[in-house]
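Residue numbers (the working numbering), protein chains in the order written: chain A, 2 to 253; chain B, 19 to 601; chain C, -3 to 258.
Honestly, the hints are just simulated from the structure, not real lab data.
These figures come from a predicted structure and were not determined experimentally.
Keep in mind that the hints are not guaranteed to be accurate.
With a straight-line Cα cutoff of 20 Å, these simulated PhoX-like cross-link-like pairs (lysine-lysine) come out [what the hints assert, rightly or not]:
# : chain 1 : residue 1 : chain 2 : residue 2
1 : B       : 89        : B       : 510
2 : A       : 49        : B       : 213
3 : B       : 273       : C       : 146
4 : A       : 49        : A       : 170
5 : B       : 79        : B       : 89
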Amino acid sequence: MPTIGEHVEVERRPKLGGGGPGKIPNPRGFGGGDDGDRDRREDFRSPKQRLNRMRLLMGICLFSVTVLFVVLTLVYLVRLVSGRYDPDAQRQVQDWIPLNLPYVQLWINSLLLVLSSVTLEVARRTMAKKEEFAVMGIVPPAAKREVPWLGITVVLGFCFLAGQILVWKNLQHQGAFGRFNPSRPLFFLVTGAHAVHLLFGLAALLYAALGARLWALRFDSQRIAVEVTSWYWHYLGILWFGIFALVHFARA
Amino acid sequence: MKSQPNSPQANAKPFATGWVRHVFSTDHKVIGRQYFFLSLAAVLVGAWLSLLMRIHLVWPKAAIPFFGEIKPENYLAYLTIHGTLMVFFVLSTVPQNGFGTFFLPLQLGATEMAFPRLSAAGFWTTLVSFLVLMAAFFVPGGAAGAGWTQYAPLSALANAGPGQALGTDLWLVSIGLFCLATILSAINFVTTTIKQRASGMTLMRMPLTCWTWFVTAILSLLAFSVLTAAAVMLLLDRHAGTNFFVPGGLLVSGKAVEHAGGSPLLWQHLFWFFGHPEVYIAILPAMGVTSHLLSVFSRKPVFGYNAMVGAILAIGALGFMVWGHHMFASGMDPHAGFAFSTLTTAIAVPSAVKTFNWVATLYGGRIRYTTPLLFSVGFVSLFITGGLTGPLLAQPSLDVYLHDTYFVVAHFHLIMAMAGLFAIFSATYFWFPRMFGRMMNERLGRIHFWITLLGAYATFMPMHLLGIAGHPRRYSDLTGVQYVAAMLPLQKFVTVAAIVTLAGQLVFLTNLFWSMLKGPAAAANPWECSSLEWSRPGPSLPQSVAGRKAVVNYGPYEYGIVGREKDFVMQDDPDTGERRSAI
Amino acid sequence: MAAALRMVLALITLGCVYLFVAHPLWFPAGVSAESVALDRNFAVAFRVLGALFIAGQLVLALVLMRRPATAESKHWYGNWRIEIAWTAAITVIFFWFNISGGRLWSHEIAPHSAAGATQVEVTGAQFQWYFRYPGADGTFGRTDAPRWAKADEGNPLGIDPGDPAGRDDIVATQMVVPVGHTVELQLRAQDVIHSLFIPAMRFKQDAVPGMDIHTHFTPVKVGVYEIACAELCGIGHYRMRALVRVVSEEEFAQWLKGQANR
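With the rest of the complex left out, here is chain A (with noise of 0.2 Å):
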């Protein structure tokens, strides 16, 4: 392997120039890629730059759902402001009736929500325990039971959609609002929409939980697979309770 490094003074010439010769940027430092494999011999499918790609990956994905629920929110807003257009009074009229919101069921889902992060984060920092363990080699002691985390937080996950379900069911029985009540499509888009992202989340931590069993999911992954779905399932977290906000106080 040739030795580079040496290269330290930074040619100033080419001001417009495509980059151009110069110094070769510190791989672990900002500016240059790191797939060259110089120092540090990790190839492309080493943990620790798996696990870089995905966050990063994870990052991304939380950018686009952001800008996907941003517009939702101004959908919402924009049809709640605006209101509809009469024809016979030739002016917008406020055809907006809030919805009866099931307090108590929507706290609950809340509780159920918080409660699977909780769980979640719990599982994410015993594996990360356990991966610290064995990047040293050690073979850790079988803790005498482990609290299967992951599951519980599956378990919470999917009590949230029903949850969601059982609302939903109970605005579709308000049937006193009216058909054309824009506010209840809206409800049921944006808490859709949420819940949509909710089972992609789910998706992903019963690959983890059942990975291993399953499809032969070596350890490393799974870990991989609870670190960044985490990212992903306090995000939405935060998202419900943004959610939540935009429904209890955009009322007209």
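Given chain A, work out where chains B and C should sit, using these hints.
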């Protein structure tokens, strides 16, 4: 360390064998080629549809072999699917996902895309989406007929016309899948660009192609998630009884519509919030390819690399603020027109800067007149022509007259369709040796270029006049309005020009497939290009063998170096003080 | 090859210039008050952009000069001064253009004084335009298309028979307007989006269901002009044609009377 349990050898367990493994490969080179062929299929269908439309317009009674006579509802379905195929499955697929998946890792000096299986998932989802779209032709009522913009409430009401029932549902499902696939692929592109660059490959040493793929991926992430939401909302309006886009009091085909309280403009806002960035999603990679090739073939560094990068970023950012210019005539608050008009004018500036830089890159170069260069010059020429009608359409008062006329058709076909296609052609001629290991025929390539350049101008320049004279677009028949009927002669000219141009593409197809099978073997670096895709071995090697780690010592466009045996420096050439002083 | 490319680029430029100078098709003669300013604006835009087009293509052809074989390419990364100069130049041109266009637009969208204006309500339906005049009382009657609309019974818009304001409303299938008076339009659509396009008036406005869009134009020349639909509205989009008949004031009054007596 070498004996890590998860070294590639230990981990490389093929998940399938034989042809299955080859078809469902996760190798970015295989997936890039798969995208290429998918887009080729899409462009052939799309071109065939445009041919049918052109013939129907001027010879409405003509019977097409196997198709018979074309009816107005067929015409509307053709124009919808033509637009959808060309915009989604050609212009935003092959420059980004086709060439990008193949060449982004190579140009960055990476061994693979960051998430190979995500690449594969993206491709297969795109393929399913394509098949769903094609299936719409075979359902009762035919394919959707509301145009690729699918303005509600026409697209929201199943009884508003033929094709508005199952055909539109399939369209929406197809686009939903396409959005998903594009988001998957965009995540992959961004991660790869940030994480997988070779040592020494700083951001400002990336070829401009990589910059455009990177920025396009970010645009895709933002734009396509909004379109997904819009498509889902429209589907809900159609089937779940929600009222997002359909207002009350409508009477369609003699029946009262069971909706109330929706806003048709909401669809337009959501659609164009996606739709305008989409234009840049289509054209940015084309700009990147052109910058790359003009530098290679004029043997000069790209003029103003930093300015080019700045222009790419500016276009990406401004692209999200101009969607309202599609809606000057649609009843949007007219005062918003000022803001959108000014922002649209602003986005013309970085585009103009890029054009200046292309011309300056050519200036004073020892230009090698190969087919890829010819197409790149054609791109610049078409970009100037199509671009200059942009500031005109950005003026609300002028746009209101020209909106939805053939003037707009001419504008976006020149700047997006033709310019984009020219970049795709130049990229195909340029990267063919790397993708298929053989050279394409230069003579046929030149013939193809002359026919296409003259054909593009002959087809689309007269359309400006049709628009100025007030010919609305999406008319399946010219006889309905008298002043439109008077424009038949010019429409005939356009149709003949389009037929000739499309026939000229047979030269390209012949060249493509003949060269794929029988072309002369390509040298390792046939164009003497300095970027990393040419420093790796041949096309069909699996990634583990080809994965020699690159160390980048030079910028991407070091051409025209005096007094050396070769006039350029590869990006990963060893860094010698002597060579550096030569630069 | 270089010479051929240069020549073809020059020929294309020449051909395009010829096409636009000879222009086998062009704007129909403008017959509204707004068309004068708009045509002037277009003419300026057309000349400026045409000049930029010619310059752009010819410069592109010029830089393709084949240099002597011995000459080396210039290893030149660029120049910030040139970069800033042309950025500034093109910014000035484009924004000058933008501002001049903005002025015209603000003039067009300015609300009009209603004095002496003719009120017309335009409704687009698949695939027919309807024009409603308020009649003697100056107000339009209530409409409810799903409930009352019966095209074959002479009530295509669904005017509420119970509303006295609607009794004297006049519904026509062509727009008749007096010359020299501003026409105040109120655009509606019964089913999907349509777009009222009168090329001779330089007028276009979408008619969006669920909205009332108010706009205006001022015809200045007597004659009959065509209306086309400019927004894809379904299978009969291409034949959604109507006429606007610009007549003298007396003739208009007479026409109104004739319609009212029908």
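Against the structure, the hints come out as follows:
| no. | hint | in the structure |
| --- | --- | --- |
| 1 | 89(B) - 510(B) | holds (19 Å) |
| 2 | 49(A) - 213(B) | holds (12 Å) |
| 3 | 273(B) - 146(C) | holds (11 Å) |
| 4 | 49(A) - 170(A) | violated (45 Å) |
| 5 | 79(B) - 89(B) | holds (9 Å) |
Violated hints amount to a single one, hint 4; each of the other numbered hints is respected by the structure.
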